[in-house]
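Take the two lone chains, each set in its own frame, and fit them into one complex as the hints suggest.
Residue numbers (the working numbering), protein chains in the order written: chain W, 1 to 148; chain V, 1 to 257.
Since the hints were derived computationally from the structure, they do not count as laboratory data.
Warning: the hint list may mix true and false statements.
Mimicking DSBU-like on lysine-lysine, the simulated pairs with C-alpha atoms at most 30 Å apart in a straight line are [what the hints assert, rightly or not]:
1) Lys-174/V to Lys-76/W
2) Lys-174/V to Lys-115/V
3) Lys-138/W to Lys-115/V
4) Lys-112/W to Lys-115/V
5) Lys-112/W to Lys-98/W
6) Lys-48/V to Lys-138/W
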Amino acid sequence: MDEEFERLFKRIMEIERNLREYIEDEFRKAIRSFREDIMYIEGMLAPMWHYEGYLRPLYSIVDRGSYYEINIDLAKADEQSIDIRFSNNLMYVRARLKEDVGFSGLSGRGGKARFHEYREVVELPIKIDPQKVKVITKRGFVKILIYK
Amino acid sequence: MEVYREEWMGDFLVLEYKPIELQKPSYAIISLPDTGLVGVISAWHITKTLQLSEVGGLDSYTYLPPIVVVSNKLLRTPIRVFSGGNILIIYSEFIPAQQGLLQLSKILVNYMERKGVDYVLLPSGMPIQNRFEVENLKTYYIATTPKALELLKNMDIEPFENGFLAGPYALLLKEFTRARLNAILLLTESFLEFPDPEASAKNIDVISRIIGRHIDVKELLEQAELIRLRARDAMKNTLRGLAQMRKDVEYAVPLHT
Numbered sequence: 001m002d003e004e005f006e007r008l009f010k011r012i013m014e015i016e017r018n019l020r021e022y023i024e025d026e027f028r029k030a031i032r033s034f035r036e037d038i039m040y041i042e043g044m045l046a047p048m049w050h051y052e053g054y055l056r057p058l059y060s061i062v063d064r065g066s067y068y069e070i071n072i073d074l075a076k077a078d079e080q081s082i083d084i085r086f087s088n089n090l091m092y093v094r095a096r097l098k099e100d101v102g103f104s105g106l107s108g109r110g111g112k113a114r115f116h117e118y119r120e121v122v123e124l125p126i127k128i129d130p131q132k133v134k135v136i137t138k139r140g141f142v143k144i145l146i147y148k
Numbered sequence: 001m002e003v004y005r006e007e008w009m010g011d012f013l014v015l016e017y018k019p020i021e022l023q024k025p026s027y028a029i030i031s032l033p034d035t036g037l038v039g040v041i042s043a044w045h046i047t048k049t050l051q052l053s054e055v056g057g058l059d060s061y062t063y064l065p066p067i068v069v070v071s072n073k074l075l076r077t078p079i080r081v082f083s084g085g086n087i088l089i090i091y092s093e094f095i096p097a098q099q100g101l102l103q104l105s106k107i108l109v110n111y112m113e114r115k116g117v118d119y120v121l122l123p124s125g126m127p128i129q130n131r132f133e134v135e136n137l138k139t140y141y142i143a144t145t146p147k148a149l150e151l152l153k154n155m156d157i158e159p160f161e162n163g164f165l166a167g168p169y170a171l172l173l174k175e176f177t178r179a180r181l182n183a184i185l186l187l188t189e190s191f192l193e194f195p196d197p198e199a200s201a202k203n204i205d206v207i208s209r210i211i212g213r214h215i216d217v218k219e220l221l222e223q224a225e226l227i228r229l230r231a232r233d234a235m236k237n238t239l240r241g242l243a244q245m246r247k248d249v250e251y252a253v254p255l256h257t
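Next comes chain V alone, as it looks inside the complex (with noise of 0.2 Å):
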């Protein structure tokens, strides 16, 4: 597939294979890899389910490895864009460097304005360190604007109201709070070293009644186990990440609430 349009936005190298035109009201996922690979898998599921197609990319060469993803035999970017209907979606299984962060949150950010999207979710986990005995996982979240809240009505998720965030949601979170983007976070329990399909699946449970489009989690579920061990070096390459971004920090109790 050829490339429609590119551009650098700092030292990232922005693809658009075909022009994005998202109905209304539109919706970004992001999902880079944290916690449990909960959005990773999250978005991957979405991507499939809702058959996506692949629209653009990210690079850089100073901040992320040097990958190509070589998909059906067409070259991709490591940071991939999906996008179909009302939904984008922005799909990372290698996280760039720390200092790169900052940077790509920023172009997130600026990209989503630019794309006009009405809403940004923000698919994630949220470590316990009893996830092997809890079988009922909870969802919080966060959302950045009154707007960004009002579709959370009559969902029965809890607001996440004292603690530490750390890692890359973290800087998103911040970043679209500042540009004043209506952006939600969503929290389930998960593992943190272990992918977590079933974490993934209440996210996309959530995520499904906000953008009011049904996604079946049955196979997800019925296929946990093996996206277990399939994402085992997905999720290996994002630890080492992880513990570099003091992810730890996420148990630790405030002084000040």
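Pulled out of the complex, with its shape left as it was, chain W reads as follows (with noise of 0.2 Å):
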């Protein structure tokens, strides 16, 4: 008798513990999803110029298996200029322009204001140890290796 109930007990608490994991799965990906959702529209409301003069970069990240590859497109930066750091999963990309750009025919104050760097926070999938970071530039493209 003692023997089933204990039977019974531990697959009421086998029962208890897969709900709850699966609940807390669960909530975990509509947060996940949630969030996607706002950096998306967030993204995309968000302009790709700044009128104090500064331009955003476009960036890919790939996961490659062994390291993390991002590549950032930085036309017309000064290659001495560009300056990445890192903090916990946060990287912050500033380079500045070879010359101050503006975009001709663009009417409003789009088209009056100069742009003079770039600038761009990019959250990253994992915390980042500076050590593992390797950093490759080449005709205004750069590509960060990140090592897991």
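So this is what it looks like as structure tokens:
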């Protein structure tokens, strides 16, 4: 009788644990999805330039298995001025342009603004150890390899 | 400029600002946002260099965002049509919703037939993972008819023989094949997610030889970084659409070839 009761109790505990894990997992997924949607909307609505004179670069993040590869297009940037810094899982990118650039032909403030640098903060999937990072610059592109 | 003719074709409004008469043999270039904006940058440069004039446009209240293009104080449609001599260019920096692409492809086939276009050129890019390192870009082609293939004789480009294509040009290619129209898809190795004027220059070089008119790409290459900088918004807008269209499938290896 005791054994049967113990088995039943273990079974109930297992079901309870599975249920808790399932609910936690679903919550995590829902929060992640909601966060991605918010970030997407923010990203879509955020202009690629700022009236104070800076531009946001295009970038991509690819998981290559043993490392993450981040490519950033810093067209017309002065390669000597490219400044990449890490803090936790954030990457801060700044680079001066070789010369000030304007968007000729564009009406409004954007057409009158002059841009002198790139600025961006990129959220990465992992916390970064700067010792495990390799940065390669070529023809206005920056490739950053972050070893896991 | 007044509208000379307007017609609804399905959910798309087709406008013409003046009669479009193409000399023979006539070539149409269709540029929609895709890999590295290669087609869009190619068409933009050709339009500018050959000084083509804007003769029409396409719009859709169902499949395109509610956008009007303002060009030199004139209101224009998101999909624009340029023409001059024997060249017709369909140019768009906006990718229609996926559900609208098939309808747009069918409309473009119909439009090309009605305009009596002899050859359709589809300049696009082929994403390569190591584009960062590659300087000598290769161009591949797919021709829909033997007549189209004739145009590529003695050209140093390779046939695209096996693999997957995804996105707007995949649909266009299918529809042009079904309609037995002479079409050539040009795929130059490029970045997927960054504007790639160098790949566009390579495509323009091939187009230039096909149509028999010199189109200088020196300025395009000199201004490549500035074009990349200006094209960031168009590229950003394109990426979401490409992800929905499973563009990643182009990296996939087919089991059966």
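Hint check results:
1. Lys-174/V to Lys-76/W: Roughly 39 Å separates the two Cα atoms, so the pair is violated.
2. Lys-174/V to Lys-115/V: Holds. Lys-174/V to Lys-115/V sits at ~20 Å (cutoff 30 Å).
3. Lys-138/W to Lys-115/V: violated, 45 Å
4. Lys-112/W to Lys-115/V: violated, 41 Å
5. Lys-112/W to Lys-98/W: Satisfied, since the Cα-Cα distance of roughly 19 Å is no more than 30 Å.
6. Lys-48/V to Lys-138/W: holds, 29 Å
Violated hints, listed in ascending order, are 1, 3 and 4; each of the other numbered hints is respected by the structure.
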